[in-house]
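Chemist: Turn these sequences into a full structure, and let the hints steer you where they fit.
Going down the list, the protein sequences come from chains X and Z. Just so we're aligned: the first sequence equals residues 19 to 128 in this note's numbering. Just so we're aligned: the second sequence equals residues 24 to 139 in this note's numbering.
Calculated from the structure, these hints are not laboratory results. Please note that a few of the clues may not be correct.
To be verified - Below, simulated BS3-like cross-link-like pairs (lysine-lysine); rule was C-alpha separation at most 27 Å, straight line:
(1) Z:93 / X:89
(2) X:59 / X:88
(3) X:89 / X:36
(4) Z:93 / Z:74
(5) Z:93 / X:59
(6) X:59 / X:75
(7) X:27 / X:89
(8) Z:81 / X:75
(9) X:101 / X:36
Since this is a predicted model, take the numbers as computed values, not measurements.
Residues per chain, in single letters:
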Amino acid sequence: GGIITQTPKFLIGQEGQKLTLKCQQNFNHDTMYWYRQDSGKGLRLIYYSITENDLQKGDLSEGYDASREKKSSFSLTVTSAQKNEMAVFLCASRTGNTLYFGEGSRLIVV
Amino acid sequence: GDSVTQTEGQVTVSESKSLIINCTYSATSIAYPNLFWYVRYPGEGLQLLLKVITAGQKGSSRGFEATYNKETTSFHLQKASVQESDSAVYYCALSEGGNMGYKLTFGTGTSLLVDP
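Modeler: Next comes the structure, spelled out in structure tokens:
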């Protein structure tokens, strides 16, 4: 089977800093996603990509950039970290109608 | 836009008792979206528990069941007898499908604690 690897597991940054989260998948899936998980708010879609070099905005894209330079990797950048952005970020890839998720990266802004 | 509502944020059930976790949905573009339950066990990533893509059908996995009820727009998760190992966070989700990305909309999650 395949795996989704998110790095780092914990990312600590200062307010106003630009911070990047990375995601790698070895499923060879075309479509990848970044979701943000806040306590009590479920998962909200930030960006997704249906193929290499494609980027599509989700409901929560403001304040974020994404990059899909290779089929296997999808990175997410917080352009200017804010304290209210502390959350868990989940990366996923898709085959058919099933999403496979990584274990998540927790962002801490000090 | 689409929405998924889970009314219980946290549920505590004694081992061997029955469970129901409520989920209702609203889809804006199609009448019958695909419906899912995902689960996050402690220390693990979010994973698919079960799915139903045809209205009126039932899905099942690991002793859990959910029926796609198009009349009440509900997809409640049930189990007849829970075990301590079922303690996890459960998310209901829907997708309108389509070729452009197949986005999922998730509910807020229900944390299940099973008392031994």
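Chemist: All the hints need checking, so say for each whether the structure fits it.
Modeler: Status of the hints after comparison with the structure:
1. With a CA separation close to 37 Å, the supplied pair residue 93 (chain Z) and residue 89 (chain X) exceeds the 27 Å bound.
2. Our distance criterion of 27 Å between C-alpha atoms is broken by residue 59 (chain X) and residue 88 (chain X), whose separation comes to about 31 Å.
3. A C-alpha spacing of about 24 Å is found between residue 89 (chain X) and residue 36 (chain X), which places the hinted pair at or below 27 Å, so the restraint holds.
4. As the CA atoms of residue 93 (chain Z) and residue 74 (chain Z) are separated by approximately 15 Å, the hinted pair is consistent with the 27 Å bound.
5. In summary, the hint linking residue 93 (chain Z) to residue 59 (chain X) is supported, as the alpha carbons are separated by about 25 Å, within the 27 Å threshold.
6. For the hint linking residue 59 (chain X) to residue 75 (chain X), the alpha-carbon distance of about 19 Å falls within 27 Å, and the restraint holds.
7. Straight-line distance between C-alpha atoms of residue 27 (chain X) and residue 89 (chain X) comes to about 22 Å, which keeps the hinted pair within the 27 Å bound.
8. Note on residue 81 (chain Z) and residue 75 (chain X): the hinted pairing is violated, with a Cα-Cα distance of about 33 Å set against a maximum of 27 Å.
9. As the CA atoms of residue 101 (chain X) and residue 36 (chain X) are separated by approximately 13 Å, the hinted pair is consistent with the 27 Å bound.
Against the hints set out earlier in the document, violations occur for numbers 1, 2, 8.
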